[in-house]
Amino acid sequence: MVIDERLPYAPYPAPAGTAVAAPPAPIASGGGVGPWFLARANLGVLIDLLREDGRTVIGPAVVDGAVTLAEVRSVDELPAGVGDEQVPGRYRLVQRGDRRVFDFAVGPTSPKRWTFPPVVPLNVGRRDGRAVSFEPSPIDPPRLAFLGVRACELAALGIQDRVFLGGPYTDEDYHARRRNALVVAVNCTTAASTCFCTSMGTGPEARGGYDLVLTELDEGFVIRAGSPDGADLVARMPVRGADAGQMLRAAESVGKVAAMMGDPVPTAGLHDRLLAQFDSQHWSRIAERCLSCANCTMVCPTCFCSSVTQRSDLDGDVSTSERVWDFCFTAGFAKVAGGSFRSRPRDRYRQWLTHKFATWVDQFGTFGCVGCGRCIAWCPVGIDIRAELLSIAPPLGARPEPVRPKPVAATPGFYATARIVSVRPETADVTTLTIGDVDPAFLAGEFGQFAMVAVPAFPPVPISISRFGRDTIDLTIRAAGPATAAIIGLGPRDEIGVRGPLGTSWPIERAMGHDVVIVTGGIGLAPLRPLLDGIIARRDRFETVRLFYGARTPADQLYREELRAWAARGDVEVELIVDRGTPDWTGPVGVVTHLFDQATWDGEHALAFVCGPERMMEATVETLESRGLPPDRIFVTLERHMECGIGLCGHCQTGGLFVCRDGPVFALSQLGGIFGREGM
Amino acid sequence: MATVAARPRLRVGIVKMASCDGCQLTLLDLEDELLAIAERFELVEFPEASSARSAGPYDVLLVEGAVSTPDQAADILELRRKAKLLVSVGACASYGGIQALRNWSDHDAIRAAVYAHPEYVESLNAATPVSEHVKVDAELHGCPISPDQLREVLVSVAVGRRPQIREEAVCLECKRRGTVCVMVAEGIPCLGPVTQSGCGALCPSFRRGCFGCFGPREQANATSLARTLAADGREDPDVARLFAGFTGWSGPFRAVVAAYGGPPGVIPYAVPESAEGGRDGRG
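From first to last, the protein sequence lines stand for chains S and D. Numbering follows numbering that gives the first Met the number 0, in which position 370 of the first sequence is assigned residue number 369; successive positions increment by one, without gaps. Numbering follows numbering that gives the first Met the number 0, in which position 40 of the second sequence is assigned residue number 39; successive positions increment by one, without gaps.
Don't read these hints as lab results, they were simulated from the structure. These numbers come from a predicted model, not from an experiment. Every residue gets a Cβ at the ideal spot worked out from N, C-alpha and C, and that includes glycine. Please note that a few of the clues may not be correct.
Stated by the list, open to error - In silico SDA-like pairs for lysine to any residue, Cα to Cα no more than 20 Å straight-line: (1) LYS83(D) x PRO56(D); (2) LYS81(D) x GLU131(D); (3) LYS134(D) x LEU201(D); (4) LYS83(D) x ARG8(D); (5) LYS334(S) x GLU166(D); (6) LYS255(S) x ARG206(S); (7) LYS334(S) x GLU217(D); (8) LYS83(D) x GLU41(D); (9) LYS334(S) x ARG161(D).
As the list claims (entries may be wrong) - Per the computed footprint, the stretches of chain S lying under chain D, defined by three or more beta-carbons under 8 Å from a beta-carbon of chain D, are: (10) 111 to 123; (11) 256 to 264; (12) 310 to 317; (13) 323 to 330; (14) 659 to 668.
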């Protein structure tokens with residue numbers, strides 16, 4: 000499943016009998032049609048009307064150093080002239096000195112506290128001899144009016160509506176609270192540094208799920224109604240029609256906020272990108288910082304988890320059950336009799352983040368995040384999910400931060416020994432060695448990485464790892480000189496020295512959810528074989544997969560049996576071409592680009608992985624670009640003289656890069672003018 | 000209620016080691032239910048309420064205080080033999096308490112500095128939790144303990160189930176009660192994220208940082224919290240002092256204290272200790 004577009008946050012699904020209505024449309028009221036203008040001095044009338052209607056008004060108020068939500072009895076309790084500064088792990092109030100009452104970004108409390116309270120009585124259980132009974136606690140919530148609900152919070156209410164009311168089962172307590180609540184929204188005219196509703200497609204402008212919506216101007220408020228209840232309220236308020244200037248200024252102030260936020264969390268493909276990262280080492284790195292204190296989940300306006308607790312009398316005959324806020328970060332949350340399924344903090348963080356941005360989509364059709372940024376500001380150690388998402392599941396076009404297992408014997412002088420298990424000739428001059436007794440770091444290597452291989456008396460040579468087996472790796476080696484000839488002259492049980500795995504890898508995770516094009520020539524297929532293995536192992540994560548492979552003659556093709564097996568699968572398109580045919584060759588003859596320069600597919604949704612002689616790659620890149628692939632989605636390898644393999648010896652420096660350390664796999668966009676330039 | 004008479008009263012004893020008695024007084028905080036508790040439990044030893052002493056045995060023995068003297072070290076072995084269930088009660092019994100601060104210093108030097116005749120003072124080099132001496136069946140945390148949790152342990156023993164005590168950070172209690180985070184909103188250092196709940200988030204509700212009296216919660220990432228506090232511009236001794244409180248001798252907090260140079264005011268041993276956080280220092 001690919002979530003390529005921002006998901007619409009449907010307003011409250013409005014179960015029968017609810018007061019909350021569908022998307023806003025201009026609603027005629029009293030003497031006309033909105034939008035209306037309410038003078039600042041008359042805002043108190045709105046609060047008074049809501050209270051006259053028997054509602055408890057929940058609105059913004061300064062409590063203990065933050066603009067939080069509390070019962071508001073009069074307009075004087077609103078945070079006039081108060082703003083805020085929010086960065087990861089830090090929130091501070093700012094006194095502006097003006098009279099504006101909604102010019103702040105969301106604080107730690109959201110309407111969730113009233114629609115899904117932290118503690119709700121469930122029942123009283125009784126035992127009398129052998130008989131037991133459970134008496135449900137009455138559900139009799141107050142009639143509420145929320146004042147100052149932001150667009151992100153409206154979206155969050157919509158999300159919790161789906162969770163609690165979307166069926167097949169519904170939460171009656173939530174339903175009762177929600178049904179009775181009236182919502183006065185406010186469009187945001189400011190944003191904190193932690194805000195990212197623009198990325199999540201939820202704000203800063205309220206687009207539904209409210210009864211009234213206000214936009215604050217210096218002199219008052221532009222008001223629109225979103226429901227008959229809202230229109231009814233307006234009819235009782237001292238409003239007049241908003242003039243064109245007021246409407247323009249209102250629109251501009253909200254538009255300015257959207258521009259301020261930008262798009263810090265690109266959501267295209269996020270679902271698949273994130274789910275591809277279950278085994279990422281990044282979870283452990285986050286866990287070094289994460290306190291698993293659950294603050295992020297508690298301030299989150301969509302997190303909906305809870306536990307049931309009992310308190311019994313001294314004899315265990317009467318017990319009261321309560322539903323309390325509980326979250327996936329606590330120890331007991333995933334515990335069964337034998338222990339916890341998520342005992343490690345890294346497991347809990349992964350559970351939370353993948354739920355918010357991926358599995359929530361599968362369950363409820365939207366992200367579980369509305370971009371309010373509360374989890375960023377209120378994290379005691381300032382973990383910023385926007386940054387974590389970018390690191391762990393980088394969007395197309397971004398350079399992923401390489402995460403590499405620590406190589407074995409990283410110092411140039413030291414080699415670990417490994418043993419040749421088997422030797423398999425591929426062509427007249429190419430042989431594949433299967434190597435056992437290797438350090439586990441090799442087995443955890445990534446597709447496209449290489450090893451420095453040495454035998455005494457010969458210079459070490461960089462060799463791509465052509466397969467990661469269960470406890471072996473393959474090295475496919477062409478006899479290009481004395482050292483390589485010496486290595487492939489060895490037999491089973493002979494030992495060799497190895498350092499690695501080294502270098503960058505094919506970014507397979509970025510290809511998930513996309514078409515894959517692999518173009519290669521000659522021995523260039525060797526470093527791509529693990530990529531193909533990886534793709535085939537999780538074939539359903541990728542769209543179409545095409546392999547274009549050119550060789551000098553049919554006898555120069557590597558892995559001929561595997562090429563046939565891949566083609567026979569039916570879900571990998573394998574096209575072969577040779578420079579010079581032989582009498583029994585029935586396939587095409589020519590250069591590899593001939594295989595696809597006439598093809599009908601386009602590269603709009605594709606990633607390309609290219610490996611071969613530089614001239615061949617140049618021609619390939621040109622053809623790929625003409626098919627619509629941008630340079631940040633074409634990955635190539637460079638071959639240079641390498642000695643140390645870790646960016647210390649200087650041999651492989653090319654432009655600003657060390658090919659061994661910064662490559663050998665590069666996005667074409669990284670190479671700029673280096674690629675294909677003679678004499679580099 | 001009809002079943003009360005049918006159940007034999009459980010013999011409950013409260014004994015103290017090195018402690019202030021605040022934890023056993025917590026039992027008296029269960030005012031509304033004291034009589035009902037007395038109907039169901041026979042309090043055979045309760046020093047703060049009665050001078051009567053018991054020779055055991057005990058169905059439930061609540062042990063308050065750290066093991067701090069040679070006599071206490073001997074007594075606790077004997078008490079364990081007499082108790083079916085032994086529950087360590089409070090920060091001292093469970094973690095060594097505030098008196099464990101002396102474990103970082105040269106004990107003889109402290110005695111010599113404080114007492115005119117240090118030879119009259121018989122105390123061990125270190126104040127240690129009961130669990131370092133005998134098997135403990137359950138621990139109640141806090142300075143003092145929560146009366147509710149004490150009640151829950153007694154009820155669970157009487158009813159025959161597991162005590163329902165949540166494993167979670169103090170933060171959950173803060174957020175449930177609606178307290179604005181003192182650390183994020185005011186920059187007040189707070190151990191809440193790494194401390195076991197149970198107090199009802201009392202200190203933050205008065206705009207004070209949590210000082211960790213309930214001890215480290217499971218998987219407490221004290222290192223990360225310390226790193227954040229230090230990155231916020233605090234000096235190492237201030238970070239160490241924060242963690243070197245009522246439960247500073249607990250593993251996770253002790254590691255932070257050691258990493259940030261030990262608690263302030265330590266009188267070091269003449270022979271340098273390893274950097275790994277002192278020694279367990281019994282005897």
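So, going through the hints one by one against the coordinates:
1. LYS83(D) x PRO56(D): 8 Å, holds
2. LYS81(D) x GLU131(D): 18 Å, holds
3. LYS134(D) x LEU201(D): 31 Å, violated
4. LYS83(D) x ARG8(D): Holds. LYS83(D) to ARG8(D) sits at ~14 Å (cutoff 20 Å).
5. LYS334(S) x GLU166(D): The given pair, whose Cα atoms are some 11 Å apart, holds under the 20 Å limit.
6. LYS255(S) x ARG206(S): 17 Å, holds
7. LYS334(S) x GLU217(D): 13 Å, holds
8. LYS83(D) x GLU41(D): With a Cα-Cα distance of about 15 Å, the restraint between LYS83(D) and GLU41(D) holds, given a limit of 20 Å.
9. LYS334(S) x ARG161(D): At roughly 14 Å apart (the allowed maximum being 20 Å), ARG161(D) and LYS334(S) satisfy the hint.
10. 111 to 123: Contact hint for the stretch 111 to 123 of chain S vs chain D: holds, 3 residues under 8 Å.
11. 256 to 264: Violated: only 0 residues of the stretch 256 to 264 of chain S have a Cβ under 8 Å from chain D.
12. 310 to 317: Check passed, 7 qualifying residues.
13. 323 to 330: holds (count 6)
14. 659 to 668: Contact hint for the stretch 659 to 668 of chain S vs chain D: violated, 0 residues under 8 Å.
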